[in-house]
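Trainee: Quick note, the sequences are listed as chains A, B, C and D, same order. Numbering-wise (this note's numbering), the first sequence opens with residue 2 and increments by one. Numbering-wise (this note's numbering), the second sequence opens with residue 2 and increments by one. Numbering-wise (this note's numbering), the third sequence opens with residue 2 and increments by one. Numbering-wise (this note's numbering), the fourth sequence opens with residue 2 and increments by one.
Just so you know, the hints here were simulated from the structure itself, not pulled from any lab data. Please read these numbers as outputs of a predicted model, since none were measured by experiment. Treat the hints loosely; a few may be bogus.
Because identical chains cannot be distinguished in the list, a pair is counted as satisfied if it fits within a single copy or across any two copies.
[Claimed, not checked] DSSO-like mimics (lysine-lysine), calculated; alpha carbons at most 30 angstroms apart, straight line:
(1) Lys222 - Lys133
(2) Lys84 - Lys133
(3) Lys211 - Lys317
(4) Lys317 - Lys232
(5) Lys211 - Lys222
(6) Lys350 - Lys133
In case you want the letters, here they are:
There are 4 protein chains.
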Amino acid sequence: MDPDNLSVVLHAKGDLRLEQRPIPEPGPDEVLLQMHSVGICGSDVHYWVHGRIGDFVLKEPMVLGHEASGRVVRVGTGVTHLKPGDRVAIEPGVPREMDEFFKSGHYNLSPSIFFCATPPDNGNLCRYYIHKASFCYRLPDNVTYEEGALIEPLSVGIHACRRAGITLGSLVLICGAGPIGLVSLLVAKAMGASQVVISDLSADRLAKAKELGADILLPVKREDLPEEMAKRVESMLGGMPHVSIECTGVESSIQTAIYATRSGGVVVLVGLGASMTTVPLLNAAVREVDIRGVFRYCNTWPTAIAMLASKRVNVKPLVTHRFPLEQAVQAFETTRQGLGVKVMLKCDKNDQNP
Amino acid sequence: MDPDNLSVVLHAKGDLRLEQRPIPEPGPDEVLLQMHSVGICGSDVHYWVHGRIGDFVLKEPMVLGHEASGRVVRVGTGVTHLKPGDRVAIEPGVPREMDEFFKSGHYNLSPSIFFCATPPDNGNLCRYYIHKASFCYRLPDNVTYEEGALIEPLSVGIHACRRAGITLGSLVLICGAGPIGLVSLLVAKAMGASQVVISDLSADRLAKAKELGADILLPVKREDLPEEMAKRVESMLGGMPHVSIECTGVESSIQTAIYATRSGGVVVLVGLGASMTTVPLLNAAVREVDIRGVFRYCNTWPTAIAMLASKRVNVKPLVTHRFPLEQAVQAFETTRQGLGVKVMLKCDKNDQNP
Amino acid sequence: MDPDNLSVVLHAKGDLRLEQRPIPEPGPDEVLLQMHSVGICGSDVHYWVHGRIGDFVLKEPMVLGHEASGRVVRVGTGVTHLKPGDRVAIEPGVPREMDEFFKSGHYNLSPSIFFCATPPDNGNLCRYYIHKASFCYRLPDNVTYEEGALIEPLSVGIHACRRAGITLGSLVLICGAGPIGLVSLLVAKAMGASQVVISDLSADRLAKAKELGADILLPVKREDLPEEMAKRVESMLGGMPHVSIECTGVESSIQTAIYATRSGGVVVLVGLGASMTTVPLLNAAVREVDIRGVFRYCNTWPTAIAMLASKRVNVKPLVTHRFPLEQAVQAFETTRQGLGVKVMLKCDKNDQNP
Amino acid sequence: MDPDNLSVVLHAKGDLRLEQRPIPEPGPDEVLLQMHSVGICGSDVHYWVHGRIGDFVLKEPMVLGHEASGRVVRVGTGVTHLKPGDRVAIEPGVPREMDEFFKSGHYNLSPSIFFCATPPDNGNLCRYYIHKASFCYRLPDNVTYEEGALIEPLSVGIHACRRAGITLGSLVLICGAGPIGLVSLLVAKAMGASQVVISDLSADRLAKAKELGADILLPVKREDLPEEMAKRVESMLGGMPHVSIECTGVESSIQTAIYATRSGGVVVLVGLGASMTTVPLLNAAVREVDIRGVFRYCNTWPTAIAMLASKRVNVKPLVTHRFPLEQAVQAFETTRQGLGVKVMLKCDKNDQNP
Ligand SMILES: NC(=O)c1ccc[n+]([C@@H]2O[C@H](COP(=O)([O-])OP(=O)(O)OC[C@H]3O[C@@H](n4cnc5c(N)ncnc54)[C@H](O)[C@@H]3O)[C@@H](O)[C@H]2O)c1
Ligand SMILES: NC(=O)c1ccc[n+]([C@@H]2O[C@H](COP(=O)([O-])OP(=O)(O)OC[C@H]3O[C@@H](n4cnc5c(N)ncnc54)[C@H](O)[C@@H]3O)[C@@H](O)[C@H]2O)c1
Ligand SMILES: NC(=O)c1ccc[n+]([C@@H]2O[C@H](COP(=O)([O-])OP(=O)(O)OC[C@H]3O[C@@H](n4cnc5c(N)ncnc54)[C@H](O)[C@@H]3O)[C@@H](O)[C@H]2O)c1
Ligand SMILES: NC(=O)c1ccc[n+]([C@@H]2O[C@H](COP(=O)([O-])OP(=O)(O)OC[C@H]3O[C@@H](n4cnc5c(N)ncnc54)[C@H](O)[C@@H]3O)[C@@H](O)[C@H]2O)c1
Ligand SMILES: [Zn+2]
Ligand SMILES: [Zn+2]
Ligand SMILES: [Zn+2]
Ligand SMILES: [Zn+2]
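Whole structure, please, built from the sequences with the hints as guidance.
Mentor: Structure (structure tokens):
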């Protein structure tokens, strides 16, 4: 095994370095992976630019990256379901304790969960990485490594659409056509939504949404009034949406989502904004429009793999840029500038294919 | 039949009159009822004092009252499940259209619903009243008329606790110990909550809550900080509540409810406050604390009757005052002053028993 | 209006007649429809051949037909959402009472429900027919009358897949590739199933299933052993199905469905067989495989129309034969012989298009 | 620490021995417990008498016992939530793998689960026992060891009532008044059931059910016809039960449960009977009566402790016999003869209190 373990390490706000790290040894229930493809997430860039997200503050150097796939190189003594050579997608959140949340199937809510590239836990933007074997999922031959890496953002969309209760014939509003809005769009259609309207400030992002299957585009201007936007959504869809999935975190967009949603429907909050938000809660309450948050995901990898393998969801068009791991800083800069949708870092020197 | 149909009619904001009205004839699917006991609700008083609630504005004289029970006097030609002499509790909301909400079991959300004492629909604070037979429910002999009338507020508690998903072993926070907070308390315990903490500004109301079975009392002062209140709730309960039922509509109390609720739990909004509210939505979202409104109720009368008949819920202590119908203005004044919990008007001259 | 109201009337077991009936007048909440397309259902043929289905016994002449669409000719005085000229699909089951089932959104379970062509209620295989307006649904221009008529069998599939809890990534077994198995297949895929295996005795029916999108075909022979079939399903799918939808009613096929289904999964019983069935209930119980029946459907028409209008479900290939109303007996004979999938009767002399 | 580790070991069918075993050392995530109270379960006796239950066959000597509580003596290096001296109840099923069942909150369905006294896994009818710390739950001071041991059977009742969807106002039929029927009764009432009717062949068992809060007793004779029993249940309750919980495993009783249950209701199968069962599946299907099995339980210990600590469920009357560990054979003989309800073995020489 090549001793090169080039890693993308954030030392402090603004201080991103490419450096060599030792190749770790897997414990009994772990696997050592040779990383192949790792997508850059808005949160990676946010740590780079701000050094923190909410209460999570970078205190010591941390490897970035959590949208990842790779190849099994070595397996721990207790690992039975994986073997060297297996191609796997990595679920970055691994519960550390068997607490009430884990036992009841909501391990994403476990407060002590390990999560790649959330301080102080290291991510996997490197050449070699160890992970809990039970949170690595074998990819079928017809699913590429990049699709494997994209399961992470796709999982946010799956969890959001599940929490939304999207089903056959749902009319859906998605606010924001960034990567998260786009994966929510893909999943909503695959779950049976009959019409999806998607909003954004940017015409380019809306065009991408159209390409990915959005039925109706709603261009938004900052000064638009939420109640009026809600009326436009209703008339565009020929009825109020059963579900709104908010993927911007912007206050006015949350307000639009609430006003727009049909009585008895659901607003899902995926976008993360300010800590206090002013919203028409009374309007939601008396129309029994439920407001449900989303924190990452749980139990999504097998579902996502099934959908990718059966070609029922196509995430490939999300990838707009690729860089070799050595050019990580340039890749981060691309994401920071909001160019394209998803930037992929290629970690395997000998295989830079999708 | 005595032609006296003394009725409590609100003519305009502040203008409440006792006047005679003709005794109506039931249509084919209706019943004529001799009213027995009618509770006064905060909303009745609100119409009296302000002439409106939100978008519902009093435009012409309206009979007040919607927490009611009575005796069947005459049945329409198509009515088969009721007969003269039957004692019934009245569900005041009757859907007018077989729309999507009614067909799917959420008739309370039907926008064209008839609702007693919500303009322009008349209520039943009178001697004789007609109602759709299918929304009158026969009372067993061991359930009194007043219990029958109290099914209306109790229904708000049932619907709130159902929406909250209260179940065996739930830890529950109830904000506000007014009539609605108290019925929520009764229902929460009956559904299996193991510990209920209830908050209020008023020591008297908390004392009543204690009498009705509250496990822990939380006296609140206006200046208390929501995040600190949330910590007190956790330490009082020995854990964060799975469910918070907000029955005040006050912004700081809604904030407390959100901060207090356990990750993956539910905040139910029963209290109706300002149209815009500033809340820690981000905190709720990343902990997947769902926020669910309550608009009245549906499918609660049979449940309530079953609970009252089997003596598993005791609503009798809620009644603190009784007045004959003739003294309605005095009764309203009592409620307006916040004296006691529930004021009952006795509409049957020959039977003023509970 | 043409006074011709040719109707397909079953007088007794085996005695099917084409006869003229008077054109009825719509009541206040009804509409008069000029029928356009009516599919023949297995149950129509069953009444013809046996004069009964279970406890429903033909006692007096009855018009057959319940998979239907038509054009509004006249509306009752209270009807506001429809007008003459509207093209509509007809939901054949109309609850007569506001009982607990209707109020809670399960009106299909209301014991006193009206249902077209279930004795003693007349169906709509005729030229002119009146129906409750609130159970007629306007078809968008891009949905044909035949698609409108096919909403009835499609609804069985929708209700079955809802009851099954099919969702993103579900692996599904469908037993039987008759019309009901096929619509279940269409709906399962539209709801996100990643792989559907479908079984039948007939190679022709399996071929049709393939054409409609089945991923895997499972030819069955009468002597096949259920436990072995279950193992074949698992190996074909690469895992046990999360859901099995039984659409044959045959005992051995129900057994296969139970053995095959993954622990924690669901078997939905759509097929109607013998009154007593011998099944491996212990196997289901200790693996918590739920067994859920399906009785027709509720709240499916708007969903179906949304799916058809958005072209997310294609039912057109189900229609294999068409006959003018005058040739109804020949059409029934075709269905009786099990030829093709769905036979359509064309009731409008001036428009025999799909 | 006293080196005495007297253990109740089943060597083969009929060969139950009291013998000394070494005191084990806890691993990093385990605790060593001094056992206090262990209830005898029907399954313990079944292994003793038959040497097997279904596919679980005793192949080498196995310690019996799985309804247990004890005191922490030593904790593994990684254990933080427990310390020596803590009184704990033991959940006997501990998942070994983080498979799909565990991750989604149904760890009871994990095929590789460890389970006390299910071959080949040893139980805890001994003086000293080690267990996974995360499946030991601290008992509050006001919950006795015996209550702690009774959480195991109580958990079956909790899981059954949850699966049944029992809620406020449910009418409930429980078939069988053995220990499992009785705990289901306790839980059903605590979850809000308004009326519970319970059946049994034995008058003694029915008398015990009455003592524990059953509303209506239904004495059964072997020759009673299921359809007639169902009618009796309906007339006793004044309506068909929403839920039936079958706790006998006897075919005729399962049939009664299906016929008796209200349309849209649920039959829960707790009782384990023959591998093939003949049942009126058609009746269940067309009335959408769901049939759901129960396999042990998951996520019940914290709930049970909350209910016991708040005195909302009283399991104490279930204990009818107590024996010191040394008299285990006599204790088993008592259970085998069906005397009383629950027999407790007292494992701590110095504390034989409840
Ligand atoms: N809850 C979670 O677990 C989770 C996980 C991942 C991302 N997120 C959050 O989801 C959000 C979206 O993530 P992303 O990666 O797609 O971000 P992004 O910034 O790339 O996309 C957001 C999009 O919203 C658009 N937008 C801004 N204001 C708008 C408005 N008023 N109306 C309509 N559109 C508007 C922007 O133009 C942009 O295209 C972020 O807030 C992120 O923090 C949450
Ligand atoms: N959603 C619905 O369908 C529905 C139905 C009925 C009533 N309501 C609403 O429910 C609310 C309660 O109704 P009610 O009749 O009990 O009203 P109420 O005014 O009698 O009771 C409210 C209680 O809240 C207490 N309170 C005020 N501020 C508080 C704070 N910061 N913390 C704790 N307690 C505080 C008050 O002292 C009072 O006892 C009202 O807002 C009413 O409009 C809603
Ligand atoms: N529950 C409801 O509300 C409802 C509604 C409509 C139809 N149904 C029932 O659904 C069932 C299917 O209806 P349909 O119109 O498709 O009937 P159908 O007779 O046309 O189709 C049944 C199919 O099952 C196949 N089959 C028979 N035995 C089989 C076996 N052992 N394994 C696999 N396939 C087998 C047959 O070859 C046939 O193709 C019928 O029993 C019908 O009564 C129920
Ligand atoms: N599913 C699970 O996870 C689980 C867990 C524990 C026990 N069980 C099963 O639950 C059942 C009950 O357990 P238990 O310990 O209470 O057993 P038990 O044998 O003590 O009680 C069964 C009771 O059913 C009564 N009975 C028998 N036939 C009857 C009939 N036709 N009608 C009414 N009552 C009848 C008996 O008189 C007896 O009182 C057993 O089958 C057991 O195997 C299942
Ligand atoms: Zn990310
Ligand atoms: Zn009220
Ligand atoms: Zn049909
Ligand atoms: Zn047991």
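Trainee: Give me the numbers of the hints this structure contradicts, sorted from smallest to largest.
Mentor: 1, 4
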